[in-house]
Amino acid sequence: MKMHKDAMSNIGQPAEPKPEVVECAIVELLDIARRQGITPADFIQLLDSGMQISDFLAAMKLERNDFRSKRGDLGQ
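Going by the numbering used here, the first residue of the sequence shown is number 1, and it counts up by one from there.
Simulated from the structure, these hints should not be mistaken for lab results. Misleading hints may appear alongside valid ones.
Said to hold, decoys possible - Have a look at the derived ranges for each label pair, beta carbon to beta carbon:
#1 LEU46 / GLU23: 17 to 23 Å
#2 GLN52 / ALA15: 19 to 25 Å
#3 GLU63 / GLY12: 17 to 23 Å
#4 MET51 / CYS24: 34 to 40 Å
#5 GLY50 / GLU28: 20 to 26 Å
#6 GLN13 / GLN36: 33 to 39 Å
#7 GLY12 / GLN45: 32 to 38 Å
#8 PRO17 / ALA41: 35 to 41 Å
#9 GLY12 / SER49: 14 to 20 Å
#10 ILE26 / GLU63: 36 to 42 Å
Even for Gly, the Cβ is constructed at its ideal location relative to N, Cα and C.
Starting from the given sequences, assemble the full structure and let the hints guide the process.
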């Protein structure tokens, strides 16, 4: 069986994300940032300075858990 050259170049390559999913993810990230007092411009600057989205989300999770812990409702 002979495969086309174009088919071979696509093996192992990630699929292109759907624009609707990307848009939804961006809106959610900006909403998370806004709730923390971070403007969209500041959020973009964080990304431009090298911060990874996963690091941002981890920091937001730690801050949320710390806040809940101080209120005494961690784990509820």
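Tested hints:
no., hint, result
1, LEU46 / GLU23: 17 to 23 Å, "holds, 20 Å"
2, GLN52 / ALA15: 19 to 25 Å, "holds, 21 Å"
3, GLU63 / GLY12: 17 to 23 Å, "violated, 37 Å"
4, MET51 / CYS24: 34 to 40 Å, "violated, 21 Å"
5, GLY50 / GLU28: 20 to 26 Å, "holds, 21 Å"
6, GLN13 / GLN36: 33 to 39 Å, "holds, 35 Å"
7, GLY12 / GLN45: 32 to 38 Å, "holds, 34 Å"
8, PRO17 / ALA41: 35 to 41 Å, "violated, 24 Å"
9, GLY12 / SER49: 14 to 20 Å, "violated, 31 Å"
10, ILE26 / GLU63: 36 to 42 Å, "violated, 21 Å"
Of the numbered hints listed earlier, those contradicted by the structure are 3, 4, 8, 9, 10.
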